Amino acid sequence: MDATLRGVVSLIMRLGVYSSALLLGLGISVRLTTPWMAGELLMRLGFITLISTPIAAVASSAILSAVYGDRRLTLTSTLVLLILILGVALGVV
Amino acid sequence: MPILVAILSLILAILSGLLGSLLGLGGGVILVPLLVLLLHLPIHTASAASIFAVVATSTASTSNYMREGLTNLRLGVFLELSTTLGAISGALITAAVGESLLRVILGVILIYAAVTMFRKIGEWRPHASDGLASRLRLDGSYYDRVEGVEVSYGVDNTPAVLLLSYLAGVISGLLGIGGGGIKVPAMNLLGGVPIKAAVATSSFMIGITAAAAAIIYMRQRYCDPIIAASVVLGALLGASIGSRITPRVRGRTLKLLFTILLIILGLRMIHSGVGLWMRR
Chain S
1 MDATLRGVVS LIMRLGVYSS ALLLGLGISV RLTTPWMAGE LLMRLGFITL ISTPIAAVAS
61 SAILSAVYGD RRLTLTSTLV LLILILGVAL GVV
Chain U
1001 MPILVAILSL ILAILSGLLG SLLGLGGGVI LVPLLVLLLH LPIHTASAAS IFAVVATSTA
1061 STSNYMREGL TNLRLGVFLE LSTTLGAISG ALITAAVGES LLRVILGVIL IYAAVTMFRK
1121 IGEWRPHASD GLASRLRLDG SYYDRVEGVE VSYGVDNTPA VLLLSYLAGV ISGLLGIGGG
1181 GIKVPAMNLL GGVPIKAAVA TSSFMIGITA AAAAIIYMRQ RYCDPIIAAS VVLGALLGAS
1241 IGSRITPRVR GRTLKLLFTI LLIILGLRMI HSGVGLWMRR
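These protein sequences, in sequence, are chains S and U.
So the first sequence is residues 1 to 93, counted in this note's numbering.
So the second sequence is residues 1001 to 1280, counted in this note's numbering.
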């Protein structure tokens, strides 16, 4: 299971890196060279993609460990996600 | 003018991303002063941009470290539990704690960690996992390209490492820093995790906490999109380079670099703490 999990997390991270770099690069070029609002939108999408990447990695760890029946890792990953949500809701993390 | 500031931010972020990924730090402690002092950006804009840069550094580093097998995902998720709890506690008690004193204490801790690391610079012996680490299967292994051997390790003193991760979270919540300066020495010196695995695991953990903080910054609209986007692109590039260098560097060299940076950060913390106290 650990090898699968590492592969999935690595893939999520790589997708996050490339897509956010692409969106932010495009966004900043459009924003600096044209008066269009599309630049702002692309940059916002880039930031959202970037921020969701590590959270998606933890979520995938929770899902995969649940599928493989690793209760301890499922519990730990789920708790991390819940505490993060709590922190964001309280505005303190 | 905005184009020039964007280009300069990008260059500074390449540097912070490179150092951050090489040493398992977010890079924010390097980037924020550079943005404020060299580009004269307001501290709020610099901090917001830096949080996004930390996520970028962590994401780009982890994608490479994970492929190299250096990141210990189980250990990272387990320690992240206490770090996030610590970050929430830290943010909740901010008002009750004197920032100047806290900065001085953190500075002393960082210098102590640096001295301890320097004294044990050539020493690393694999530890056996303690009871908790065995139950949670926190041990790991990776192929060391420089030595040409498979390195297997257990995790020792898990409760103490967990406690220090909590402390790193508290400090991160109080001072808005990543806490890698505490997590890496804790994993390496107390837990017996090899320096490369400690750096890679810390990189992974920092991104998770910073991503949650970035959501808050986005909601509060402190973020200047052009500066933040340039900084993210720079950090992604710097971290991609840095995380390709780490597996090719000797653990001893990495420890020496880390020690030097810890001393600089520690002295800077003490200096800023004393400065804050003098201004009151």
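Quick caveat, the hints were computed from the structure, so don't treat them as lab data.
Keep in mind the model is a prediction, meaning the values are calculated, not measured.
Among the hints, a few may not be true.
Looking from chain U toward chain S, a few residues come up when the C-beta cut is under 8 Å (computed) [claimed, not checked]: (1) 1002; (2) 1005; (3) 1132; (4) 1136; (5) 1225.
Ranges between beta-carbon positions, derived for each pair [unchecked claim]: (6) U/1135 / S/59: 39 to 49 Å; (7) S/32 / U/1278: 37 to 47 Å; (8) U/1132 / S/60: 21 to 31 Å; (9) S/41 / U/1002: 13 to 23 Å; (10) U/1125 / S/33: 15 to 25 Å; (11) S/85 / U/1268: 32 to 42 Å.
Which chain U residues stay away from chain S? Per the calculated CB distances, all over 12 Å, these [stated by the list, open to error]: (12) 1064; (13) 1066; (14) 1079; (15) 1115; (16) 1129; (17) 1150; (18) 1212; (19) 1271.
Where a beta carbon is used, it is the ideal one built from N, C-alpha and C, also for glycine.
Right, here's what the structure says about each hint:
Because the closest C-beta pair between residue 1002 of chain U and chain S is about 7 Å apart, less than 8 Å, the hint holds. With 8 Å as the threshold, the beta carbon of residue 1005 of chain U stays out of range of chain S, its nearest partner Cβ sitting at about 11 Å, so the hint is violated. For residue 1132 of chain U, the suggested interface contact is broken, since its CB lies about 11 Å from the closest CB of chain S, more than 8 Å. Hint status for residue 1136 of chain U: holds, given a least beta-carbon distance of 6 Å to chain S, under 8 Å.
At its closest, the beta carbon of residue 1225 of chain U sits 5 Å from a beta carbon of chain S; the interface hint therefore holds under the 8 Å criterion. About 24 Å separates the C-beta atoms of residue 1135 of chain U and residue 59 of chain S, a value inconsistent with the hinted range of 39 to 49 Å. As the Cβ distance of residue 32 of chain S to residue 1278 of chain U is approximately 42 Å, the hint placing it in 37 to 47 Å holds. The hinted window of 21 to 31 Å between residue 1132 of chain U and residue 60 of chain S holds, with their beta carbons roughly 25 Å apart.
The beta-carbon spacing between residue 41 of chain S and residue 1002 of chain U, approximately 18 Å, falls within the hinted interval of 13 to 23 Å. For the pair residue 1125 of chain U and residue 33 of chain S, the beta carbons lie near 57 Å from each other, so the given range of 15 to 25 Å is not met. Separated by about 33 Å at the C-beta atoms, residue 85 of chain S and residue 1268 of chain U satisfy the suggested range of 32 to 42 Å. Its closest Cβ contact with chain S, about 9 Å, brings residue 1064 of chain U to no more than 12 Å, contrary to its assignment away from the interface.
With a minimum CB-CB distance of about 4 Å to chain S, residue 1066 of chain U fails to clear the 12 Å threshold, and the non-interface call is violated. Look at residue 1079 of chain U: its CB is around 10 Å from the nearest CB on chain S, not clear of 12 Å, so calling it non-interface is violated. In this structure residue 1115 of chain U is separated from chain S by more than 12 Å, as the shortest Cβ-Cβ distance comes to about 31 Å. Residue placement check: residue 1129 of chain U keeps its beta carbon more than 12 Å from all beta carbons of chain S (closest about 14 Å).
Chain S leaves residue 1150 of chain U outside its interface by the beta-carbon criterion, the shortest separation being 15 Å against a cut-off of 12 Å. With a minimum CB-CB distance of about 4 Å to chain S, residue 1212 of chain U fails to clear the 12 Å threshold, and the non-interface call is violated. With a least beta-carbon separation of about 27 Å from chain S, residue 1271 of chain U lies farther than 12 Å from that chain, consistent with its non-interface assignment.
Against the hints set out earlier in the document, violations occur for numbers 2, 3, 6, 10, 12, 13, 14 and 18.
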